[in-house]
Amino acid sequence: MHPTRTLLAFALAAACAPAFAGTPIHEVRAANRDVRVDVSNVKGSVTVSGWDKPEVAIGGTLGDGARKLAVTGDASHLRIKVEAPEQRSWFSWGADSRMGDTLLDIKVPREAEMKIEVISADVSLSGVAGRSLNVESVSGKQRIDSGAKEVEVESVSGDIEVAGKADRAHIETVSGNIRARGLGGRLKFETVSGDVDAENANYREVEAGTVSGDIELRGTPADGARIEVETMSGDLRLRLPATASMRIKASTFSGRIRSDFGKVEEADHGPGSSLDATIGDGAGQVRIETFSGDVDIRQQ
Amino acid sequence: MNELEIQRGLRAMNAPREPAVDLWQGIAARIAAETEQATTDAAKSPSRRRWLPFALAAGTLLAATGASLLGLRIQEGTGIAQQTVPLQKFSRITPAQALDAARAPGGDPRLAGAAVVLDAANAELQQALEQQPDAVFLVSLLNRTNARRMKLEHYGARAG
Chain A
8 MHPTRTLLAF ALAAACAPAF AGTPIHEVRA ANRDVRVDVS NVKGSVTVSG
58 WDKPEVAIGG TLGDGARKLA VTGDASHLRI KVEAPEQRSW FSWGADSRMG
108 DTLLDIKVPR EAEMKIEVIS ADVSLSGVAG RSLNVESVSG KQRIDSGAKE
158 VEVESVSGDI EVAGKADRAH IETVSGNIRA RGLGGRLKFE TVSGDVDAEN
208 ANYREVEAGT VSGDIELRGT PADGARIEVE TMSGDLRLRL PATASMRIKA
258 STFSGRIRSD FGKVEEADHG PGSSLDATIG DGAGQVRIET FSGDVDIRQQ
Chain B
600 MNELEIQRGL RAMNAPREPA VDLWQGIAAR IAAETEQATT DAAKSPSRRR
650 WLPFALAAGT LLAATGASLL GLRIQEGTGI AQQTVPLQKF SRITPAQALD
700 AARAPGGDPR LAGAAVVLDA ANAELQQALE QQPDAVFLVS LLNRTNARRM
750 KLEHYGARAG
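Residue numbers (the numbering used here), protein chains in the order written: chain A, 8 to 307; chain B, 600 to 759.
This is chain A alone, in the form it adopts within the complex (with noise of 0.2 Å):
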């Protein structure tokens, strides 16, 4: 082929072409300092940071395959979307598969409010503290150091860790494991069989539930808190201050129970066990049922 027409082939071909193999990503849009920022990107990872300037600056790279990073929206609502090759659905298995992965890296305004969507893309949060956080994924792990008001997270079966200042946090898996730390105010956990460690500071209430999923909770509850833990074949560890004020009542239809308070009444015949026991004062409220998962409770 003749030099200059090879050229052009190249050229044309370069023109064509959608987008390259980690094309670099530099987007800045001017932003109100509580402005809404959506993201949405199916495979790779997303990193949010929050910072002093009244803009979102979108940095990274945009996977081989993807169509194109469309930002639209104002300072008050701006919408980032990676957009699949194939745009009659929001993800799917075929054009995913030939799509590489997309790497954001986006700055907000510290009070931004956040909404994340991705599919099997890693979530990284760190530096906002706006009035609520959004983070849904099907098997992405996600890292969250909010201060974010109120939390939703929640994923099928990636791995969710969650720290921050939260007044309500929920956070929701069906395999996924759940690790919380530092967490207030009210806190909801919910899996089928993934895990829950949480280690939570001053909070007021907190509701945990999984089918057969282990629950650990630790932590200093707030004067008069309410805890409710159910699991079916999970087992439960709660550790309390010896300074807690609490009432607590435990059963188990088959499962064994321990506690360094109170004294467990065992079924005169056949498994199962309950406790009613009351520490300090009994301000607060303790409600622990299984079906036939072990129940620790003890001093921390």
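Possibly wrong hints are sitting among the right ones.
As the list claims (entries may be wrong) - When the alpha-carbon atoms are kept at most 20 Å apart in a straight line, the in silico EDC-like pairs for lysine to aspartate or glutamate are as follows:
no., chain 1, residue 1, chain 2, residue 2
1, A, Lys156, A, Glu212
2, B, Lys750, A, Asp166
3, A, Lys256, B, Asp733
4, A, Lys60, A, Asp41
5, A, Lys75, A, Asp112
6, A, Lys114, A, Asp59
7, B, Lys750, A, Glu159
Calculated from the structure, these hints are not laboratory results.
The hints should help you fit chain B onto chain A, whose structure is shown.
Relative to chain A, chain B alone:
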């Protein structure tokens, strides 16, 4: 034996008699043992690891489905050759695995594993409820599990 001796014999029979061997202790012990065994078996039945075979089957199927969808591009030497894996390679998929594939919401294999976990959890909760029908918390767990299954179907509906 005259009539007087017969009457004396009848009078002697009109009194409580202790059996030579106390049968009740044996009967009670057997009942207790059977009850304990039944309760233990019932309690052990919803083991959390019970869906492990289902999860393994789903994992195998997931790999097989993924491989067939991708056509298994195999790199050979310096060039890249596309090799179609013969169908008979996957002929060992069992009916149970085929059922798992059908269960993948939206036909997306990434959601198949969760569907298996949720369906197994649903079945085990129902078994537990049969043994402890007054357990309101089990109904609550069952409702949550069903809600998650619905959400998974919702995901599947959004998949192409």
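The hints, checked one at a time:
{"no.": "1", "hint": "Lys156/A x Glu212/A", "result": "holds (15 Å)"}
{"no.": "2", "hint": "Lys750/B x Asp166/A", "result": "holds (18 Å)"}
{"no.": "3", "hint": "Lys256/A x Asp733/B", "result": "holds (17 Å)"}
{"no.": "4", "hint": "Lys60/A x Asp41/A", "result": "holds (12 Å)"}
{"no.": "5", "hint": "Lys75/A x Asp112/A", "result": "holds (16 Å)"}
{"no.": "6", "hint": "Lys114/A x Asp59/A", "result": "holds (10 Å)"}
{"no.": "7", "hint": "Lys750/B x Glu159/A", "result": "holds (15 Å)"}
In terms of the numbered hints stated before, the structure departs from none.
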